[in-house]
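Q: If you want the building blocks of each chain, they are given just below.
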Amino acid sequence: MTPAVEFRGVSVHFGATQALAPLDLSVARGETLALLGPSGSGKSTALKALAGFLRPSAGRVLLDGQDVTDLPPHRRGLGVVVQSYALFPHQRVADNVAFGLKARKMRRADVTQRVGEVLELVGMSEYARRYPRELSGGQQQRVALARALAIRPNVLLLDEPLSALDAALREDMVAELLRLRAELPDTTLIYVTHDQSEALALADRIAVLRDSRLVELGPCEQLYRRPATEFTASFLGAANLIPVELVRADGSVATVRLAGRELSAEPSGTLQPERPVALGVRPHRISVGEPGPDTFPALVRGVQWRGSGYRLDLRLTDEVCDLRAEVPDSPVLPAVGDRVGVSIPDGCPLVGVGG
Amino acid sequence: MTGLALGTAALAPARRGTRPRRYRIGWLLPPAIVVAGFFGYPLVLVILQSFTAQDGSFGLSVWTQVLSSPEFGRAVWQTVLLALGSTVGCVLLGGFLALVVAFVPFPGATLLARLVDTVLAFPSFLIALAFTFLYGGAGVFGTAGFLYSPWGVLLAEITFYTPFVMRPALAAFSQVPSAQLDVAASLGARPGRVLWRVVLPEALPSLASGACLVLLLTMNEFGIVLFLGAKGVSTLPMLVYGKGIVTFDFPAASVVAVVNVVLSLVLYTVYRRVVGRGGRRAAVDAA
Chain G
1 MTPAVEFRGV SVHFGATQAL APLDLSVARG ETLALLGPSG SGKSTALKAL
51 AGFLRPSAGR VLLDGQDVTD LPPHRRGLGV VVQSYALFPH QRVADNVAFG
101 LKARKMRRAD VTQRVGEVLE LVGMSEYARR YPRELSGGQQ QRVALARALA
151 IRPNVLLLDE PLSALDAALR EDMVAELLRL RAELPDTTLI YVTHDQSEAL
201 ALADRIAVLR DSRLVELGPC EQLYRRPATE FTASFLGAAN LIPVELVRAD
251 GSVATVRLAG RELSAEPSGT LQPERPVALG VRPHRISVGE PGPDTFPALV
301 RGVQWRGSGY RLDLRLTDEV CDLRAEVPDS PVLPAVGDRV GVSIPDGCPL
351 VGVGG
Chain S
1 MTGLALGTAA LAPARRGTRP RRYRIGWLLP PAIVVAGFFG YPLVLVILQS
51 FTAQDGSFGL SVWTQVLSSP EFGRAVWQTV LLALGSTVGC VLLGGFLALV
101 VAFVPFPGAT LLARLVDTVL AFPSFLIALA FTFLYGGAGV FGTAGFLYSP
151 WGVLLAEITF YTPFVMRPAL AAFSQVPSAQ LDVAASLGAR PGRVLWRVVL
201 PEALPSLASG ACLVLLLTMN EFGIVLFLGA KGVSTLPMLV YGKGIVTFDF
251 PAASVVAVVN VVLSLVLYTV YRRVVGRGGR RAAVDAA
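Residue numbers (the UniProt record's numbering), protein chains in the order written: chain G, 1 to 355; chain S, 1 to 287.
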């Protein structure tokens with residue numbers, strides 16, 4: 001089946017600076033792909049190359065199998081929502097939403113009908129006569145979505161659409177986007193974000209980018225549970241990377257040694273024999289208690305209250321390795337300088353480091 | 001701390017109400033005297049003079065005489081036509097040049113934008129002088145007939161005042177977020193539609209304020225008209241000059257001057273309203 005979106009060796013340069021290393025990526029019709037990475041990772045650049053806002057210095061961009069690399073943005077038929085929403089301030093909400101339809105010379109009656117439909121879809125029908133400046137951030141976001149959806153695009157590009165919202169509103173909007181997603185099963189969604197929780201909640205697959213390169217691509221759960229790279233492990237889920245010694249690897253199970261004790265782990269499948277490895281341990285999977293024979297001795301170096309629980313900064317004393325642990329609220333809490341015992345569960349992902 | 005804060009708060013109304021009032025009047029008085037002495041008094045003298053005939057009688061006779069004279073009607077007509085023509089020309093040329101500088105990347109665009117600021121500091125007669133060298137009888141292009149016609153004055157005024165539109169237009173265009181242009185294009189709008197439906201409406205308050213300013217300034221333009229000495233071009237400022245300095249008819253000059261001042265004040269009021277509206281809108285949009 002022809003992919004809805006395809007990058008074939010697409011790279012972007014700004015002068016001598018490489019903004020996107022050659023990218024090969026396909027997205028199926030109806031799929032949601034998250035481009036996840038920190039600032040400067042090239043995720044927005046990839047999106048702009050797809051939308052036609054940037055000209056790739058090499059490679060081809062295909063939509064439904066058609067090469068659109070040389071087409072200007074107005075002939076690509078993509079829906080785009082950007083971080084700043086980019087609503088037209090001099091136009092009312094209804095006119096903003098109708099912009100793309102009028103540009104397509106749609107009949108006035110049809111424009112009115114379609115504007116009404118999409119405003120209802122995003123729950124903004126009663127705000128049609130308002131100006132963008134009279135709306136809250138969340139409402140502006142909905143209007144931007146409605147405007148992009150009004151032209152019924154096959155591919156919808158969302159460039160950090162929730163970044164400008166506060167935390168509570170962001171969570172509401174993620175739920176709203178999931179609802180919209182269910183109503184648009186044939187629309188391909190490409191969602192750029194630096195927020196791993198948004199990517200995990202919305203995407204079918206995640207493409208992790210770093211330093212203008214695609215680091216890893218795969219289904220959300222696979223990337224979260226069995227990341228192939230140390231970067232994915234630490235960026236997606238903020239895993240602690242604990243250097244360990246690989247004792248043996250046997251298919252999907254490996255045995256590693258940490259501070260003289262053996263643990264079982266799940267190798268990512270890309271381990272190279274001579275390369276050092278690390279155990280990716282999520283902060284919430286670490287248990288902290290009294291020192292004992294089955295625990296790793298550690299020193300508490302910091303305690304931060306996080307509302308629902310505490311974050312502990314620990315140092316494994318036998319390995320001189322720093323860890324972060326998230327523990328639930330408890331009446332007995334270690335203090336800075338205490339010596340504690342740390343339990344690391346079996347089955348944590350094992351990744352190669354220094355690659 | 002709280003006590004201090006309360007004490008300060010309790011004192012504040014008293015300070016605002018009594019002593020500072022005298023204090024403020026004391027500060028306001030010197031500039032008020034300067035304004036009254038250097039601007040108000042001459043203006044009052046001009047107004048009084050306009051009601052005083054050359055034989056010393058006080059009344060509306062000079063006003064009636066001047067307002068009904070054909071040369072006054074012609075001067076008003078030419079002043080308005082030249083001002084309107086220059087304004088339209090400046091808006092079209094200034095808007096176009098600002099669009100090119102803002103949206104068409106070319107080497108030296110930044111330098112050109114800065115040069116615009118420099119032109120704003122030039123005296124207007126310099127343009128007239130340059131035009132004489134270019135289009136005068138002994139000039140490079142030698143089209144004296146054109147230069148000394150109303151068209152010559154119009155071209156000189158457009159050349160000189162275009163930066164007054166270009167400057168605010170450039171500022172307005174540079175404030176249109178590139179994301180809006182990108183999104184508009186992604187929605188299917190061709191560049192012309194993006195320009196017409198997105199860029200120009202957002203820059204409209206700035207273009208309008210620039211246009212009002214040019215209209216105001218060209219209405220009072222004197223240097224260019226005098227320096228070119230265009231035949232058959234008689235504007236209100238030129239009429240004031242002719243009546244007052246050439247024929248020593250001070251009452252008639254005063255009448256024309258008062259009309260000119262009233263016209264300018266009306267235009268200035270419109271200009272302030274347009275600028276104010278643009279400023280309020282920008283503030284709201286930024287919020």
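There's no promise every hint is true.
Unchecked claim - Have a look at the derived ranges for each label pair, beta carbon to beta carbon:
| # | chain 1 | residue 1 | chain 2 | residue 2 | range |
| --- | --- | --- | --- | --- | --- |
| 1 | S | L111 | G | S308 | 45 to 51 Å |
| 2 | G | R104 | S | Y241 | 55 to 61 Å |
| 3 | S | F141 | G | R104 | 17 to 23 Å |
| 4 | S | W196 | G | A28 | 55 to 61 Å |
Unchecked claim - Facing chain G, a subset of chain S residues (Cβ under 7 Å, in silico):
| # | residue |
| --- | --- |
| 5 | R21 |
| 6 | A53 |
| 7 | G56 |
| 8 | S57 |
| 9 | G59 |
| 10 | L187 |
No lab work stands behind these hints, which were simulated from the structure alone.
For glycine and all other residues, C-beta sits at the position ideal for the given N, C-alpha and C.
Q: Now look at each hint and say whether the structure bears it out.
A: A quick look at each hint next to the structure:
Checking the proposed 45 to 51 Å range against L111(S) and S308(G) shows it is violated: the Cβ atoms sit about 58 Å from each other. For R104(G) and Y241(S), the hinted distance range of 55 to 61 Å is satisfied, since their beta carbons lie about 59 Å from each other. Checked against the given bound of 17 to 23 Å, the beta carbons of F141(S) and R104(G), roughly 49 Å apart, lie outside it. Remark: the range hint 55 to 61 Å for W196(S) to A28(G) is contradicted by a beta-carbon distance near 38 Å.
Checking R21(S) against chain G by beta carbon gives a least distance of about 39 Å; that is not within 7 Å, so the hint is violated. At about 55 Å, the closest approach between the beta carbon of A53(S) and any beta carbon in chain G exceeds 7 Å, and the interface hint on this residue is violated. The interface hint given for G56(S) is broken, as the beta carbon of that residue sits about 59 Å from the closest beta carbon of chain G, more than 7 Å. The interface hint given for S57(S) is broken, as the beta carbon of that residue sits about 57 Å from the closest beta carbon of chain G, more than 7 Å.
Checking G59(S) against chain G: minimum C-beta separation of about 53 Å lies over 7 Å; hint violated. At about 3 Å, the closest approach between the beta carbon of L187(S) and any beta carbon in chain G falls short of 7 Å, and the interface hint on this residue holds.
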